[in-house]
Every structure is written in structure tokens, then in C-alpha cells.
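> The two chains are supplied separately, each in an independent frame; assemble them into the complex guided by the hints.
Chains as they are written, first to last, in the numbering used here: chain X, 1 to 115; chain A, 1 to 113.
Label pairs and their calculated CB-CB ranges:
{"hint": "1", "chain 1": "X", "residue 1": "Arg111", "chain 2": "A", "residue 2": "Ser110", "range": "21 to 27 Å"}
{"hint": "2", "chain 1": "A", "residue 1": "Asp58", "chain 2": "X", "residue 2": "Gly3", "range": "17 to 23 Å"}
{"hint": "3", "chain 1": "X", "residue 1": "Thr113", "chain 2": "A", "residue 2": "Glu5", "range": "26 to 32 Å"}
{"hint": "4", "chain 1": "A", "residue 1": "Gly15", "chain 2": "X", "residue 2": "Glu40", "range": "27 to 33 Å"}
{"hint": "5", "chain 1": "X", "residue 1": "Arg22", "chain 2": "A", "residue 2": "Ser17", "range": "39 to 45 Å"}
{"hint": "6", "chain 1": "A", "residue 1": "Arg13", "chain 2": "X", "residue 2": "Arg15", "range": "44 to 50 Å"}
{"hint": "7", "chain 1": "A", "residue 1": "Ser28", "chain 2": "X", "residue 2": "Arg78", "range": "30 to 36 Å"}
It should be emphasised that the hints constitute simulated quantities derived from the structure, not laboratory data. From the three backbone atoms N, C-alpha and C, an ideal C-beta is built for every residue, glycine too.
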Amino acid sequence: NAGVMQNPRHLVRRRGQEARLRCSPMKGHSHVYWYRQLPEEGLKFMVYLQKENIIDESGMPKERFSAEFPKEGPSILRIQQVVRGDSAAYFCASSPRRDSNTEAFFGQGTRLTVV
Amino acid sequence: GEDVEQSLFLSVREGDSSVINCTYTDSSSTYLYWYKQEPGAGLQLLTYIFSNMDMKQDQRLTVLLNKKDKHLSLRIADTQTGDSAIYFCAESISGGSQGNLIFGKGTKLSVKP
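Isolated chain A, as found in the complex (with noise of 0.2 Å):
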């Protein structure tokens, strides 16, 4: 069946880059993407790729997908303490909306000043 994985923690020191990554199963999968969610709060889109792109970049955000390993990362460049949040990666299912994703579990972020 559909799963995502990513690992459950990161923490890094302001300034530096984040790299949080995420594997999927379903190669049918047309978009990916990466939410944002913060203490008590809904999901914020931060960005998303569709599965015939290897790269996206949005100002500090830059998406890569490896389609061949299922493989999603998505790095943050010169995190900041604002960043500090859950970062969930999605994948939508076959033949579904964007309403209609499976989720990961979650990398909780953590950035040290």
C-alpha cells in the first residue's frame, strides 16, 4: 500500500542549511509535496514538484526528487529560529486531488540560535 517515511527529528544551528528527507511508494504519484505546520496550527503548503521535475527552487527552499529511488528532500537554506516546525512530506495518490494525499509522520525541526 501507500507509504511515506521520513525521520521523526532535526536540529541544526541558525545560519546553516536543513535537508529533511522523505521516501514514498506509489511511482504513480503526480505531485509531492512539503507542508509546513507550526504548534497548534494548520498545514501551510511551503511548496510543491510535480513528478516530472527533478528540481524546484522557491527563494530558500529547493525540492529535489530522485523518481528512480522515491527519494524527496527538501533543504532549507539559512534556516532560521522561525523555521523551527513539524515538516510533513505528501504524496497524492493515483488519480486523486491535491485534497487526497498521504502523509509522512512528520520531521520535527529544531533550530538552535
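The shape of chain X in the complex, shown without the other chains (with noise of 0.2 Å):
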């Protein structure tokens, strides 16, 4: 059973283009989490979601960017335009299910610069 799968592992963009991270969760969970690690800070929740549903998107900013987890295929983090800020490392987590007893299992994550 492979572990939550992320890529890409490394990501290169220029001011003004886009990011798109992608996330395969272990099989058989249903839940993935978004979090984002800037340089020597821990890591902040952006976004929940399930299969086709956003559950809490209340860490994402406002603009630019989006997450979706579509009926099939992996999960992805969109940032549009992106801007120097946006450097960081994203996580991502995945669980069987949504109760305090499950243990959500977490990516190795994409390191995104921004030049």
C-alpha cells in the first residue's frame, strides 16, 4: 500500500505563471488535507476536502488560489500567478475518514521556488 504520493517533489516557476501540485492519497482515503510550510515555520492548514467537495478552505488565501479532489484522479493545489511569497513546501495529508482517532498520513511534500 504506497503512501500519500506528491508531485512534483520539486517546482520551478517564474513570477506570474502558474503551480500546480498534485496529490494522490493512500488508497481508500477519501479525505485530503493542504498544509503549507514557509521557510522555518511550522505548518499552516489551508484546505479539506473529500471526494468533489471542499469541507474547509478556511486557511486558503483569498485569491489565486484553489484546490479541487476530483471523482477521479489526485487531488490538486492550483496557484495562479504565482509571487515570491508563495515559496514554500505543501503538504499534503490524507485520512480513511474524518474522527479524532484516525491518523492522517502525510506526503513528502512539493517544494515550490518562485524566481
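The structure is reproduced here in C-alpha cells:
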């Protein structure tokens, strides 16, 4: 059973371009969470999705950021018109259900660098 | 609002015990967690403790929870060079799953041979 897979591992974008980050949850997991880790910081919650639904996007910036988790395929975090401040590591976690007894497994992250 | 505080650095000698401390603010947190992050890697869940427990031991790891003071600690016995990493404390926010967590900034543990 493969773990949470994120790709690409490293992504370089020029200012103004779009970044698309992918997350394939563990098999059987239908809940996905995205976190951002700025340099020298802890992880900050961005968004929680179930298949085809956004459940909690309280941590998402109001503009340029969007997330989806379609019925088929990976979850996508999309950042439009990237700026230098978007440079960070973006982590995805997945869990099979939403309850406090469930462990969420983290992927290895995508490190976005905006030049 | 919710906040989790940790000291940023800890340096110990190989074979000594390491104690990493954390304070949190959400008194209704049901679970508290310790994660390990090695350079360039994702987060690995080390252990967690339910809020109605005072202590949990798992091999070399001991977690102590003082709910009154909202203080959590992680003790690593017989620290090895392979334990060098950043350790994150995290709390689950009210009504959230384990995936919706508030993280501290991390404590960088350096183990000297």
C-alpha cells in the first residue's frame, strides 16, 4: 500500500506563472488536507477536501489559490500568478475518515520555488 | 486564537535524554501529536496522546501532558544521531480530524556524537 504521493517533489516557477501541485491519497482514503510550510515555520492548514467537495477552506488565501479533489484522480492545489511569497513546501495528508481516532498520513511535500 | 509554542533549538550529546517542550492554547483539543521531519522529507507521526491521559510511553519515547498548564513534552531516551531532525508539536482543533491540526514552528534537535 503506497503512501501519500505528491508530485512534483520540486517545482520552479517564474513570477506570474501557474503552479499545479498534485496529491494522490493513500488507497481507501477519501479525505485530503493541504498544508503550507514557509521557511523556518511550522505547517499551516490550508484546506480540507473530501471527494468532489471542499469541506473547510478557512486557511486558503482569498485570491489565486484553489483546490479540488475530483471523483477520479488526484487532488490538485492550484496557485495562479505566483509571487515570491508563495515559495514554500506544500504538504498533503490523507485519512480514511474524519474522526479524531484517525491518523492522517503525510506526503513528502512539493517544494515550490518562485524566481 | 489557537497557538502552539515550542523552543526552536535543542542540542544534546549522543546517549543523553532529550526533552522537547510545547505549550498549546486550545483547552478543548482532544489529541496532541509529535511529528518528526528529517531534512527534505515529509512529516512522520511519532506518537500522540489523548487529552484524558497524563503520560504515554512507546519504546524510547515518553510523552507527558499537563492539561492544567497546557504543556506537552516529548522525552527521547538514549538519543542517537539518527534522531537529529525537527520535531513538531501539533494539536487537533475542536471538532476537527487528525488532518486539521495546528502546528508549532518546530524544535530542531541536534545530536552530537
